[in-house]
Amino acid sequence: MIFSAYQTHIFILIFIYIILVVSLNLALGYTGLLNLGHVAFFGIGAYTSALLALEGLTYIAAMIAAGLFASVFGYLLVIATDRLRGDYLAMATLGFSFVVYSLLLNLRDVTRGAMGIPGIPKPTILDFTIRTNDQYLIFVLLVCAISVFIMYRIVNSPFGKLLEATRDNAVCLRVLGKNTLSLKYKAMMISAFFAGISGSLYAHYITFIDPTSFYISELILVLTIVIVGGLGSIKGSIVATALIIYIPEVLRMLDLPSSVLGPARQAIYAVILITILMIRPKGLFGKVDLE
Amino acid sequence: MRTGTIFIVILVVLGILFTAGCADTETPGETGEEMIVVGIMGPYTGGAAVYGNAAKDGAMLAFDEADLPNVIIVVEDTKSETREAATAMNKMVSVNNVQAVIGDLISAATLAAAPIAEQNQVVMISPASTSTDISDAGDYIFRTIPGDDGQGIFAANTMHERGYTKLALLYTNDQYGNGLAGIISEEFTAKGGEIVADETYEAGSSDMRTQLAKIKNSNPEVIYIVSNTPDSSVALLRQITEIGIDANIYGSEGLKVASILELGSSVEGIVITSVSPESEDFRQKYMDAYAEEAPAFAAQAYDAATAIIMAIEQGATTGEEIKNALYEMEFDGASGHIKFNEMGDVEGGYVLVEVRDGAFVTLEE
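Protein chains in written order, with our numbering: chain A, 1 to 291; chain B, 1 to 365.
No wet-lab data here; the hints were simulated from the structure. Quick caveat: nothing in here was measured; it's all calculated off a predicted structure. Worth double-checking, as some hints may not be accurate.
[Stated by the list, open to error] Some but not every residue of chain B turned toward chain A, in silico, with C-beta under 10 Å:
(1) A49
(2) E76
(3) A86
(4) A88
(5) A112
(6) T132
(7) D133
(8) I134
(9) T172
(10) D174
(11) N178
(12) G179
(13) T200
[As the list claims (entries may be wrong)] Take a look, some chain B residues computed to stay more than 10 Å from chain A by CB distance:
(14) V71
(15) E186
(16) S218
(17) E262
(18) P295
(19) E321
(20) N341
[As the list claims (entries may be wrong)] Over the 10 Å line for every Cβ pair with chain A, so calculated as not near, a few chain B residues:
(21) N70
(22) N157
(23) D246
(24) Q284
(25) K339
Glycine included, C-beta positions come from ideal geometry on N, C-alpha and C.
Work out the full structure: start from the sequences and follow the hints.
Okay, structure coming up:
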């Protein structure tokens, strides 16, 4: 392989996050749902897949189940918040993140709580177990390509145009006889499904998960990427994921003392976010403004 | 827009080249003599940074003393997050070609990095992770701090021997709290005791009145507290007095912080189970080097480094050879007697510390 295992590792993370970020963009950018609960879907997917695989379910089945289960929560989240819009929706969905975190932490009989789940098996597909980083990269690349292709087709279909119309002018759409609530359900469920898939990929790659992996810092990272890439742009999300996951790693290579490097790596997200928003308020490839 | 796209592509490509280029320059073995790279990883930013830096300083002290000509040290920050820990381990393994790593501190981070170390035959010695899951993490995974089971059994035995039968547990809802409380609960009931209350609180919170009210209603003879932030410890003890619980108070190391002594007479008689204190010799060395008291985990990290140094001095150069040497060795380290069992764990010793006349007094066992 031309890349070192370390670079392969970074690429794997980038592809996992591309699925997560593009799926958030589907809800946030295309449909205009200010969803701060996306990282909860990621966590639900990771836990579902890990627990099912440890029970002996084959990997592909566990991964699909992770997506579907996250999707169910997407449905429930829309039921709970269907009368809220804008900032209020953001608050409620942020609450959803806390609720899921708290469940993961306290349903100790199922999730082992704060102890986390160690020893999650690497994926096995048709008797072939993915062990090395290179093999995992190929697998993740494949899943990522399929997922992004599906989401790309969705947003460019007539259905995708309806989602954008829901975002831009829901009242007008209702006048035209469209059911905007049903559109929101569908958008959120699709978005949650792919977040669940990426959660599954993450859990089986790192092989250890605990509730703190799916909390605020993760949410901030994902939101930063979507905003930097631009709302309503899949291309933007992909480019921004690559940038934001890669840049802190480049810093690692500079010969700086760790007392400088650590804070620098932490500050880099904020610096990128502010710089890009100053130069291009809609993000790199964004088409719409966040209301 | 087009120029923007080109700019980004160039940036990404440069990034890839940059991270790859370093792989060549840092690979050891080009200077003729075979260099051994040892990694140190831990949280140097974020909430656990104090402990991370202490461990790093402790380990560096051992390496500076030994001054081995064929050893290179690399340091990676993990913020004690699982994803960062996996990234740091991958980077050290494939770019720096490390043979042994000291770290991580938080059990979750150690568990996330351990499979990568195991797969690449790199020795990993944690100076602070106490989760019992670490025992099963692999052949290459060691630690110089005893696991939760050690302290849990010690605490349960002590309380049982002192004649208590009704125990209330109050602990932070994190990996450490759950792990320790789980073992105590298991051991204490096995000895015929009863757990009358089992309450948790979120790490860092400062209001435990609800939990304490429940504990009061359950009428325990003794409360065991697992707290690992000073603020929570102080808040807890103050609220125990406020609510008027008259049970005896036992606790884990987290209670052994100077700030609780300010609570005065209400904390008199509190008993703390603690890993054996670091040796006087180490304390002095640390003081000379850094002009401050050795913080928690510095001694354990020093011992982890010493173990690796001893293995290298015996001629081990690869992760596998270091691993084999570790299972063989036995020495008196800064944190106590070090002998790794077949799980890569150390026995460790524990002492009881009691608050008497406004000071922590170590009880003779």
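Hints, one by one, checked against the model:
{"no.": "1", "hint": "A49", "verdict": "holds, 8 Å"}
{"no.": "2", "hint": "E76", "verdict": "holds, 7 Å"}
{"no.": "3", "hint": "A86", "verdict": "holds, 5 Å"}
{"no.": "4", "hint": "A88", "verdict": "holds, 8 Å"}
{"no.": "5", "hint": "A112", "verdict": "holds, 4 Å"}
{"no.": "6", "hint": "T132", "verdict": "holds, 9 Å"}
{"no.": "7", "hint": "D133", "verdict": "holds, 5 Å"}
{"no.": "8", "hint": "I134", "verdict": "holds, 9 Å"}
{"no.": "9", "hint": "T172", "verdict": "holds, 8 Å"}
{"no.": "10", "hint": "D174", "verdict": "holds, 4 Å"}
{"no.": "11", "hint": "N178", "verdict": "holds, 5 Å"}
{"no.": "12", "hint": "G179", "verdict": "holds, 6 Å"}
{"no.": "13", "hint": "T200", "verdict": "holds, 8 Å"}
{"no.": "14", "hint": "V71", "verdict": "holds, 18 Å"}
{"no.": "15", "hint": "E186", "verdict": "holds, 14 Å"}
{"no.": "16", "hint": "S218", "verdict": "holds, 20 Å"}
{"no.": "17", "hint": "E262", "verdict": "holds, 29 Å"}
{"no.": "18", "hint": "P295", "verdict": "holds, 16 Å"}
{"no.": "19", "hint": "E321", "verdict": "holds, 21 Å"}
{"no.": "20", "hint": "N341", "verdict": "holds, 19 Å"}
{"no.": "21", "hint": "N70", "verdict": "holds, 21 Å"}
{"no.": "22", "hint": "N157", "verdict": "holds, 23 Å"}
{"no.": "23", "hint": "D246", "verdict": "holds, 30 Å"}
{"no.": "24", "hint": "Q284", "verdict": "holds, 25 Å"}
{"no.": "25", "hint": "K339", "verdict": "holds, 25 Å"}
Taken one by one, the earlier hints all hold for this structure without exception.
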